[in-house]
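Quick note, the sequences are listed as chains Z and R, same order. If you count the first sequence from 1, you need to add 41 to reach this note's numbering. If you count the second sequence from 1, you need to add 41 to reach this note's numbering.
Simulated from the structure, these hints should not be mistaken for laboratory data. Since we're looking at a predicted model, the values are computed, not measured. We put the beta carbon where it would ideally sit given N, CA and C, even for glycine. Do not rely on the hints blindly, as some may be mistaken.
Away from chain R, derived, C-beta distances all over 10 Å, residues of chain Z [as the list claims (entries may be wrong)]: (1) R112; (2) A177; (3) R211; (4) Q213; (5) T236.
Derived Cβ-Cβ restraints for the label pairs, each shown as a range [to be verified]: (6) A177(R) <-> M84(Z): 51 to 59 Å; (7) A177(R) <-> R181(Z): 36 to 44 Å; (8) D221(R) <-> V48(Z): 23 to 31 Å; (9) G159(R) <-> R52(Z): 51 to 59 Å; (10) T182(Z) <-> P187(R): 40 to 48 Å; (11) E227(Z) <-> V71(R): 23 to 31 Å; (12) A118(Z) <-> S140(R): 41 to 49 Å; (13) A118(R) <-> A113(Z): 47 to 55 Å; (14) V226(Z) <-> P243(R): 23 to 31 Å; (15) S120(R) <-> A118(Z): 17 to 25 Å; (16) A177(Z) <-> V71(R): 43 to 51 Å; (17) P243(Z) <-> V71(R): 51 to 59 Å; (18) A94(Z) <-> V71(R): 24 to 32 Å.
Protein chains: 2
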Amino acid sequence: MARPATVTPERILAAAATEFAARGFAGARVDRIARRARVNKAMIYYHFGSKQALYRELLRLTFRQAADRLRAIAASAVSAPAALDAAIAALVDLARERSYFPAVMLREVAEGGAHLDGATLAALSAVPAAFAELLARGVRTGTFRPVHPLAAYVTMIAPIVFYLASSPIRQQLRRSHLIDAALPVETFVRHVQHTMRQMLAPESIRPARSLHDA
Amino acid sequence: MARPATVTPERILAAAATEFAARGFAGARVDRIARRARVNKAMIYYHFGSKQALYRELLRLTFRQAADRLRAIAASAVSAPAALDAAIAALVDLARERSYFPAVMLREVAEGGAHLDGATLAALSAVPAAFAELLARGVRTGTFRPVHPLAAYVTMIAPIVFYLASSPIRQQLRRSHLIDAALPVETFVRHVQHTMRQMLAPESIRPARSLHDA
DNA sequence: GTCTATACTTCGATAGAC
DNA sequence: GTCTATCGAAGTATAGAC
C-alpha cells in the first residue's frame with residue numbers, strides 16, 4: 042500500500058525527454074529540466090549523477106521499448122506482410138506517444154552516437170535486429186524478396202522519424218505559403234506501408250518490368 | 042586579375058560546416074570554428090555578425106545547391122524514371138561532396154527549424170518543390186502513379202540523409218559486433234532507387250496484388 | 001531526500017590597438 | 001582587415017544546511 046518512495050526520477054526523465062528533444066544534448070539546460078520536472082536542480086545530480094548519465098538512461102529506455110514492440114510483432118502469428126504493416130504502425134504509434142522519440146533519434150544519428158555507451162548501443166541495435174527477424178520470416182516463406190536487412194530498416198525508419206520530427210518545420214512552411222506542406226499522419230502511414238510492401242514484393246509478381254528499365 | 046580581397050569568409054564557412062555538422066548549433070563553438078579556419082575569432086564576427094547569422098548563411102548555400110541540381114535534372118530530357126534515379130544519385134553525390142550536409146539537415150529538422158529565417162526557409166522549400174516537379178512530369182505521362190509529392194519526397198530524402206549521417210554510428214555498431222552494420226553506398230543507392238521506382242509504379246502493372254492484402 | 005547558495009568553467013561577443 | 005585582451009552572461013556541478 043505504500044506509495045512509491047519517490048516519483049522524482051520519473052518526473053525528471055519525462056522533463057529531460059522534452060528538453061533533449063527540443064534542444065539536443067548540448068542545447069539542453071539542466072535548469073530547465075529541473076524547472077519542468079518541478080524538482081530542485083540538485084536532485085537531478087543526486088539521482089542521475091550528470092547530464093550525460095541522465096541522457097543515456099533516457100535513450101536506453103526509449104530504444105528498449107521500441108525493440109520490445111517489434112519483437113512482439115515479429116513473434117506473433119500473423120502473415121509477414123501484416124506484421125510489416127503492424128510494425129510500421131507500432132513505431133509510428135510509439136513515436137507519437139513519446140513525442141520526443143523522433144527528434145532524439147535524429148539528433149543522436151547526427152551526432153554520430155557521441156553520447157552512447159555500450160549499454161545504450163546494445164539497446165539501440167536491438168531495434169533493427171528485431172526488424173530483421175520480421176523480414177527473415179517473410180523471406181523464408183517466399184512472401185518477401187531477399188533484401189539487405191539494414192537497407193530495408195533504414196528505408197522504413199528514416200521516413201517515419203523524419204516525418205514526425207519535421208512537423209514543426211512543415212508548420213512553418215505552411216505558414217509561409219512556400220509549398221503545400223499538408224500531410225496527415227494517416228496518409229503518410231499508408232504511404233509508407235505501401236512503399237515497404239512494394240519494396241519487398243518478390244520479382245515474380247511483376248513480370249511486366251523484369252528488364253531494361255532505366 | 043586582382044586576387045579576391047579575402048578568402049577568409051570561405052574558409053570560415055568551410056570550418057563552420059564541419060563544426061555545426063559535428064556538434065549542432067548549440068554544441069558548436071565559435072572558438073573552434075576560428076581555429077579550424079585559421080582566423081581570429083573576431084574575424085568571424087567581423088564577417089558574419091553572429092554565430093546564428095553564420096549558421097543561416099551556411100544553410101542557405103547548402104539548400105540552394107541541392108535545389109539547383111534537382112531543377113537541372115527535372116528540366117533535362119530524360120525519361121521520368123531515369124530522372125528519378127538521377128535525382129537520387131545526385132543528392133547522394135552532393136551529400137558526399139559536402140559531408141556536413143546530412144547531419145546539418147537532420148539536426149535542423151530535429152530542432153524544428155528553430156534557426157531558420159524567411160530566406161533560409163525559402164531556400165529549403167525549393168528542394169522538395171523541384172522534386173515535386175520531377176514527379177509531376179512522370180504522372181502526366183502515366184509513367185508514375187499519382188502520389189502525395191511531399192510523402193514521396195520524405196520517403197526518398199529521409200533514408201539518404203539518415204544513411205549517410207549514420208555512418209559513424211554504424212561504424213560503432215560494427216566494432217561492437219552487435220549487428221551486421223555493413224552497407225556499402227552503392228548497395229544502398231540501388232536499394233533506394235529500386236524502392237522509389239516500385240513506389241511510383243502504376244497500379245495496372247501489378248494486377249496480382251490488387252485487393253484484400255492485409 | 002530536498003533545498004540554498006555559490007564555486008568554477010565555458011562561451012559569445014566586443015572594445016580598442018594596429 | 002586583423003589581432004589581443006577581456007567583459008558579462010550562462011551553465012554544470014557541488015558543498016553543506018535541514
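Going through the hints against the structure:
no.	hint	in the structure
1	R112	14 Å, holds
2	A177	12 Å, holds
3	R211	8 Å, violated
4	Q213	5 Å, violated
5	T236	4 Å, violated
6	A177(R) <-> M84(Z): 51 to 59 Å	56 Å, holds
7	A177(R) <-> R181(Z): 36 to 44 Å	40 Å, holds
8	D221(R) <-> V48(Z): 23 to 31 Å	41 Å, violated
9	G159(R) <-> R52(Z): 51 to 59 Å	38 Å, violated
10	T182(Z) <-> P187(R): 40 to 48 Å	32 Å, violated
11	E227(Z) <-> V71(R): 23 to 31 Å	44 Å, violated
12	A118(Z) <-> S140(R): 41 to 49 Å	45 Å, holds
13	A118(R) <-> A113(Z): 47 to 55 Å	51 Å, holds
14	V226(Z) <-> P243(R): 23 to 31 Å	26 Å, holds
15	S120(R) <-> A118(Z): 17 to 25 Å	44 Å, violated
16	A177(Z) <-> V71(R): 43 to 51 Å	49 Å, holds
17	P243(Z) <-> V71(R): 51 to 59 Å	55 Å, holds
18	A94(Z) <-> V71(R): 24 to 32 Å	28 Å, holds
In this structure, the hints that do not hold are numbers 3, 4, 5, 8, 9, 10, 11 and 15, in rising order.
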